[in-house]
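Protein chains: 4
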Amino acid sequence: YGKNTIKFLRLHTEGKKHFVKEVEVCTHLRLTSCHEYLDGNNSAVIPTDTIKNIVLVLAKKNGISTLEQFAIDICQHFMTTFRQVAYVKTYVQEVPWQRLQENGVPHIHSFIYVPNGIRFCEAEQCRNGPLVVFAGIKDLKLMKTTQSGFEGFCKNEHTTLPERKDRILCGELFCKWSYGECKDFDFDCIWNKIRECILEAFAGPPDCGEYSPSYQKTVNCIQMHILCKVPQVQVIEVVLNNTFYNVVDMKNLGLTNDKEVLVPVETPYGSCACTLGRK
Amino acid sequence: YGKNTIKFLRLHTEGKKHFVKEVEVCTHLRLTSCHEYLDGNNSAVIPTDTIKNIVLVLAKKNGISTLEQFAIDICQHFMTTFRQVAYVKTYVQEVPWQRLQENGVPHIHSFIYVPNGIRFCEAEQCRNGPLVVFAGIKDLKLMKTTQSGFEGFCKNEHTTLPERKDRILCGELFCKWSYGECKDFDFDCIWNKIRECILEAFAGPPDCGEYSPSYQKTVNCIQMHILCKVPQVQVIEVVLNNTFYNVVDMKNLGLTNDKEVLVPVETPYGSCACTLGRK
Amino acid sequence: YGKNTIKFLRLHTEGKKHFVKEVEVCTHLRLTSCHEYLDGNNSAVIPTDTIKNIVLVLAKKNGISTLEQFAIDICQHFMTTFRQVAYVKTYVQEVPWQRLQENGVPHIHSFIYVPNGIRFCEAEQCRNGPLVVFAGIKDLKLMKTTQSGFEGFCKNEHTTLPERKDRILCGELFCKWSYGECKDFDFDCIWNKIRECILEAFAGPPDCGEYSPSYQKTVNCIQMHILCKVPQVQVIEVVLNNTFYNVVDMKNLGLTNDKEVLVPVETPYGSCACTLGRK
Amino acid sequence: YGKNTIKFLRLHTEGKKHFVKEVEVCTHLRLTSCHEYLDGNNSAVIPTDTIKNIVLVLAKKNGISTLEQFAIDICQHFMTTFRQVAYVKTYVQEVPWQRLQENGVPHIHSFIYVPNGIRFCEAEQCRNGPLVVFAGIKDLKLMKTTQSGFEGFCKNEHTTLPERKDRILCGELFCKWSYGECKDFDFDCIWNKIRECILEAFAGPPDCGEYSPSYQKTVNCIQMHILCKVPQVQVIEVVLNNTFYNVVDMKNLGLTNDKEVLVPVETPYGSCACTLGRK
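These protein sequence lines are chains A, B, C and D, in that order. Be aware that the first sequence starts at 2, since it is given in our numbering, and climbs by one per residue. Be aware that the second sequence starts at 2, since it is given in our numbering, and climbs by one per residue. Be aware that the third sequence starts at 2, since it is given in our numbering, and climbs by one per residue. Be aware that the fourth sequence starts at 2, since it is given in our numbering, and climbs by one per residue.
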């Protein structure tokens, strides 16, 4: 198979107002042929340069109404244009430009880069199979400074970790969900709704939070909350890359450190992941 | 000289509300001695481990009211405690944790990582000299999709760039300013004011923007605006790392691309920088 | 499932001679239980801290004779010690310290970091299944400045790439092969043999090279050469991340550039990959 | 001032043998004018695009005999061609392609990327001033696993570090030296000689090494050795970014760890630096 990545910006204006979508598109193709590998016969090979041109031309002609629709367009183009394509997957990731605000007033043509969770999607199709759409968020870093503990875990002679009722829970989230077969969804609206669900399930109510007994349980809460609130989601995968913080022991410096000063632990680090679907 | 870096988190609670400051502190020391280099005599050397302990103990005892005050505290500690220190500079950089909001309600103990411009400061002092304070913002990426051109530049036989009246202006900003000798400023308030000034000067009025004839002129506008609006700033340095976008030529694909599809140019890239003070 | 990563250095001496292995170990566990996700019941959970301790204790007790043997030891430890483990995979990657040479004389305790291809391996096992071992090399960057072309590829209205008989072929290689069920192999010797095969197949004979009609064909040559020369390899996957170089057009600067000055193309970039096994 | 970076590859053949130099060139210009900043008058501005063209044309016309000669050529071109240039500095860094060997036989057109210390140089000139040349090596990581200690350092109530007679010394080296005014040196030969000196001074004799009482003393040894062996060097700056390794305490795991298993300490990290010249 082959993979190709191209980064570009699509600018669109309505009157004097400017709209920007900068994206990175990775197109993954598998051909029915294998002569290019075995014999050096390139007659079925679609060059990187051509794939780039196709992606740019589609962006020019169709615009990028949503990431998902653009990924679908690309998949369909390759399936219908090239008989030698056995499988196509298109991954589209957004560069997080947000419209600039000045005292609450949105600017007509200025933008700021705000990478607090990157939006992406995937569309994939095998020849004669359905076109399936995924969407997701990555690089979303969250922290809660209390309402988290870790107790009752498996112990043996290699255990040195103490049980804790009050620790910091911090990590980087990756969530990817499937919409099943491609339908006429409002992808932007659903994505925003899911981002909200993630924050709610991670943090709990704003006035008191909700106790997390483990990273694993927090992963499950996020999944359950999304499946419950967003009927379009079929299956959801969540990966939480943990950042541990150790309370600094200041006894030999003559001080009692009551979870006031902590250092991040670079290694070992862990992650937990789970995929959950509907029955 | 020697440099040491330590990263940690200071947690502080008022009632049930949690406040987080995660910082990276780099302490730069120059000693009056040089025997550690010449003779391997370490009697004047302050180990990395001790510097780390001092920074953590100061964080525990004083808290981090502002980055600037914390940097000043560290400088003063080294100057007054160690006679062999000839020069000390402390750089403090903030990890951009923002309080999470749920439907506009701030959460009491949950935070999200939002790196849209990193705050930092420096305090430095030579023995018998004044303690001088700097502050700044870095990694602030901004884009305007019109109201920018580049014309009338120097031309010769190596010139291939056409003149342009309408291009994309995009870059990453670094700003660092001096407060002169340490005074009793409201550092948080001033920093926020300066960030606002930068956005205003870069983007211009929200309804129409302001034409930029070059990256250089935009750098100057930012500096002038800050010097004009914020009297506490003595000198200001601005570096703008440009990202160029090329309009894709689609003629040989049979299309007219009217600044709709552009690709970022990875190399060559440029930057322009200027330092400006008051008379 | 959960993943944990720990980085450490194992030092070993024979007489006055020092031997260093610095490794990054990632242990991937899937449990038979799911109560930790559903109910917050942690009784089956093996904490990151315990996994770290186990890896370090095994390194201390057994040493790291080869990466592969160490990965096998870790897998077997988890399978035999914890009944709740359904699946374990251990990935071990080496930090490329090489013994320093002075005028051809190897130094007894000094090392230099030489990252020209990183060695890694994996051991994995499902409960009641065989223990399977993989090994590989990654981040190996190679270039040939001639004896490479690309012709006869698929063309349509989106094609702009010209055919080329003489271009630069440059890329970063990832190779991973399977040894099948764990046996008593000389893993170090085989790994070095395979690295040699890769270089030979990529470059061809030192005095003349060998023509490559495509990245795909070069991938296949590497695979065929290894399967032919190294009988212990069952299946081999090769991924080649291409770096394209464009000959700079200097016509409008009044010069003819005969493949003398080229610029790397950052985007679009491509990769091709193939997995090949024995019949 | 302004800075511009361009990366490219210069290919050169002698008969069938190919020679490759891939470099990153950063050109730093300061103009006598300031109208581009104050008034948006661009008549003195040399665009990034033109600077790129000049660098590529010089590479095409002159080739890159040595990095240093190429940096000198660029400086002189800007000084003599543009009257508005007040200051020019050119930084050239090499991509570390090494000729591939097969069983000791060098390949005529194949190369491997070996980043064990990156070569760079700088040439700088003020109008009416001398052209000064610097060269250096960076990202050179070295380790010695014994013959290093740290004792007799400054102690007070914040000290928790124990004295050590036998530790690991590991770090990343940056060295930059000045040749003074530009002369007709064999830059390649001198650079290789200095790299050898660094390794010798860091490691000591191959059969026994040499004891280092501190990172600082090792920095000084490297400097003294180079100044002594290489008369062309006027001034030398060395920065050593330390990586600390802690012996893992295994007492509560029932084991005695005699400097066999160590973990790298990510933070705090330190560096020490010194600049030394001839009398």
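Hints are computed from structural coordinates only; laboratory data are not their basis. Source: prediction; values computed, not measured. Even glycine gets a Cβ: it sits at the ideal position worked out from N, Cα and C. Fair warning: there could be bad hints in the mix.
Computed list of chain C residues with no C-beta within reach of chain A, every gap over 12 angstroms [stated by the list, open to error]:
(1) 70
(2) 100
(3) 196
(4) 197
(5) 230
(6) 277
Pairwise CB distance ranges, derived in the manner of DEER restraints [stated by the list, open to error]:
(7) 130(C) / 152(A): 28 to 36 angstroms
(8) 233(A) / 103(B): 37 to 45 angstroms
(9) 103(C) / 99(B): 47 to 55 angstroms
(10) 152(A) / 103(B): 23 to 31 angstroms
(11) 165(D) / 250(A): 45 to 53 angstroms
(12) 189(D) / 250(A): 17 to 25 angstroms
(13) 187(D) / 140(B): 29 to 37 angstroms
We went through each hint and held it up to the structure:
The Cβ of residue 70(C) sits about 20 angstroms from the closest Cβ of chain A, beyond the 12 angstroms cut-off, so the non-interface label holds. Taking the minimum C-beta to C-beta distance to chain A, about 25 angstroms, the non-interface status of residue 100(C) holds against the 12 angstroms cut. Remark: the non-interface label on residue 196(C) is consistent with the geometry, its nearest Cβ contact in chain A lying 22 angstroms away (cut-off 12 angstroms). No beta-carbon of chain A is positioned within 12 angstroms of the beta-carbon of residue 197(C); the least distance is around 22 angstroms.
Every beta carbon of chain A lies more than 12 angstroms from that of residue 230(C), the smallest distance being close to 19 angstroms; the non-interface claim holds. Some Cβ of chain A comes within 12 angstroms of the Cβ of residue 277(C); the nearest lies about 8 angstroms off, and the non-interface call is violated. Checking the proposed 28 to 36 angstroms range against residue 130(C) and residue 152(A) shows it holds: the Cβ atoms sit about 33 angstroms from each other. For residue 233(A) and residue 103(B), the hinted distance range of 37 to 45 angstroms is not satisfied, since their beta carbons lie about 22 angstroms from each other.
Between residue 103(C) and residue 99(B) the C-beta distance comes to about 54 angstroms, which sits within the given range of 47 to 55 angstroms. Here the CB-CB span from residue 152(A) to residue 103(B) is close to 27 angstroms, well matched to the stated 23 to 31 angstroms. Here the CB-CB span from residue 165(D) to residue 250(A) is close to 21 angstroms, at odds with the stated 45 to 53 angstroms. Our hint of 17 to 25 angstroms for residue 189(D) and residue 250(A) is violated, since their Cβ atoms are close to 53 angstroms apart.
Checking the proposed 29 to 37 angstroms range against residue 187(D) and residue 140(B) shows it is violated: the Cβ atoms sit about 42 angstroms from each other.
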